[in-house]
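Just need the whole structure built from these sequences, with the hints factored in.
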Amino acid sequence: MKILKSTLIATTLLMGISCKTSNNHKAQETGLRDAYKNSFHVGTALNRDDILQTDSLRSALIGKEFSSITAENIMKSMFMHPEKDVYQFDMSDKYVEFGEKNNMFIHGHTLIWHSQLAPWMRSISDSTEMAQAMESHIKTIVEKYKGRINSWDVVNEALNEDGTLRNSAFYKTIGSEYLAMAFKWAAETDPNTDLYYNDYNLTNKAKRAGAVKLVKDIQSKGIKIDGVGMQGHWHIDSPSIEEIEESILDYANLGVKVAITELDVSVLPNPWNLVGAEISQNFENNKKLNPYPEALPDSMQVKLAKRYSDIFKVFLKHQDKISRVTFWGTSDKESWLNDFPVRGRTNYPLLFDRELKPKAAYDSILALKK
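Oh and the sequence shown: position 232 is 232 in full-length UniProt numbering, straight run, nothing missing.
Hints are not guaranteed to be accurate.
[Said to hold, decoys possible] Each pair of labels, with its calculated beta carbon distance range:
no.	residue 1	residue 2	range
1	SER238	ALA209	14 to 20 Å
2	LYS287	SER123	38 to 44 Å
3	GLY175	LYS288	27 to 33 Å
4	ARG122	LYS213	24 to 30 Å
5	SER56	GLY344	26 to 32 Å
6	MET78	THR128	19 to 25 Å
7	GLY147	TYR87	14 to 20 Å
8	GLU177	GLU29	48 to 54 Å
9	SER127	GLU29	55 to 61 Å
10	ASN253	ASN286	42 to 48 Å
11	LYS313	LEU254	19 to 25 Å
[What the hints assert, rightly or not] In silico EDC-like pairs for lysine to aspartate or glutamate, Cα to Cα no more than 20 Å straight-line:
no.	residue 1	residue 2
12	LYS321	ASP310
13	LYS224	GLU188
14	LYS84	ASP126
15	LYS146	ASP90
16	LYS369	ASP126
17	LYS333	ASP353
18	LYS357	GLU129
19	LYS313	GLU242
20	LYS216	GLU242
21	LYS84	GLU129
22	LYS205	GLU143
23	LYS313	ASP126
24	LYS333	GLU100
25	LYS64	GLU355
26	LYS76	ASP34
27	LYS357	GLU334
28	LYS321	GLU245
29	LYS317	ASP217
30	LYS317	GLU246
31	LYS172	ASP217
32	LYS213	ASP190
33	LYS257	GLU246
34	LYS221	ASP190
Calculated from the structure, these hints are not laboratory results. By construction, the Cβ of each residue, glycine as well, lies at the ideal position given by its N, Cα and C atoms.
The structure is reproduced here in structure tokens:
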């Protein structure tokens, strides 16, 4: 009896969602950008093709649905600052121009990160030389876009899972002081832009405690830090809604803004229960780990829609603390989760399918604002 009842509920829910999606008229009258304009920015990450606007339909969709943008890759040091005295601003210029053209909140990602680090910077072993390299890198880029980029991820993913500091090239040469130094240089260069610390798994207690300590340490030095970016690389079953809510409150209690960044919800089996976004993780593909190679079953569409709805209910409950909610991409086709942590899988973590059509998950979020 219970099985029949749950099946009926799921079928009814899917029929209701499918009617809206297939008709697609109501869902497209008001996009997320307008629906959430009085709550927080809803954003997406732009890849190289998005920035170059190679697909006019996709460009129009991004402009309609999102009020904020983040650069997925092109602003990382290996691309922007490939050699000590060489900066490449062509793509970042186009990225900022896209945001300005569409009247968007523009986020810079990222100034200091151990991964995708320019090789010349990675090779530095002297603390003074590293500090000079960091200062020049931060000040040159922030100054270049002063008054045009609204917020920055100053430091990205500096913590281990136990909350201790990662043994990055910056930590090895300078020590823990590199964090405060980075925020100090960014604030000196553009005091009017918001400065964030950004990381994954910030709902986990040990890492959360480490992030709280990191922010407090910077604040204790009188240095500006405006927010914490909680990467939302989450799964269909984890973290719990309670963990998400507790984390938002813990960071907000520091007196800083909370941004939900890099949001996507994997629907695929998770090998070895891995969590987060440590990009060095990678595993062989197989049928068990890639159960939906052709399409996502209706039952999973419903489950994903409910998961997104539950998550956004928490965001709306605490909208006074949240500045941005940014999806890590626009459609399933381009999602990095098709290759992480297992290459060649077919994942369905975002709001728009591979043909740019809104999914049940999209409708579930939009319905919260009607």
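Tested hints:
1. SER238 - ALA209: 14 to 20 Å: holds (19 Å)
2. LYS287 - SER123: 38 to 44 Å: holds (42 Å)
3. GLY175 - LYS288: 27 to 33 Å: violated (44 Å)
4. ARG122 - LYS213: 24 to 30 Å: holds (26 Å)
5. SER56 - GLY344: 26 to 32 Å: holds (29 Å)
6. MET78 - THR128: 19 to 25 Å: holds (23 Å)
7. GLY147 - TYR87: 14 to 20 Å: For TYR87 against GLY147, whose Cβ atoms are near 18 Å apart, the range 14 to 20 Å holds.
8. GLU177 - GLU29: 48 to 54 Å: holds (52 Å)
9. SER127 - GLU29: 55 to 61 Å: holds (57 Å)
10. ASN253 - ASN286: 42 to 48 Å: With a Cβ separation near 44 Å, ASN253 and ASN286 satisfy 42 to 48 Å, so the hint holds.
11. LYS313 - LEU254: 19 to 25 Å: holds (23 Å)
12. LYS321 - ASP310: OK: LYS321 and ASP310 at ~18 Å, within 20 Å.
13. LYS224 - GLU188: Holds, because 9 Å separates the two Cα atoms, which is no more than 20 Å.
14. LYS84 - ASP126: holds (15 Å)
15. LYS146 - ASP90: holds (16 Å)
16. LYS369 - ASP126: violated (53 Å)
17. LYS333 - ASP353: holds (7 Å)
18. LYS357 - GLU129: violated (50 Å)
19. LYS313 - GLU242: holds (12 Å)
20. LYS216 - GLU242: With Cα atoms ~24 Å apart, LYS216 and GLU242 exceed 20 Å; violated.
21. LYS84 - GLU129: Between LYS84 and GLU129 the Cα gap is close to 11 Å, so the pair holds against 20 Å.
22. LYS205 - GLU143: violated (36 Å)
23. LYS313 - ASP126: This hinted pair is violated, its Cα atoms lying about 48 Å apart.
24. LYS333 - GLU100: violated (26 Å)
25. LYS64 - GLU355: Answer holds: LYS64 to GLU355 is near 16 Å, not above 20 Å.
26. LYS76 - ASP34: violated (30 Å)
27. LYS357 - GLU334: holds (14 Å)
28. LYS321 - GLU245: holds (11 Å)
29. LYS317 - ASP217: Violated - the C-alpha atoms of ASP217 and LYS317 are around 29 Å apart, more than 20 Å.
30. LYS317 - GLU246: Distance of about 12 Å is within 20 Å: holds.
31. LYS172 - ASP217: Since the Cα atoms of LYS172 and ASP217 sit roughly 19 Å apart, the hinted pair holds (cutoff 20 Å).
32. LYS213 - ASP190: It is violated: about 25 Å lies between the C-alpha atoms, which goes past 20 Å.
33. LYS257 - GLU246: holds (15 Å)
34. LYS221 - ASP190: holds (18 Å)
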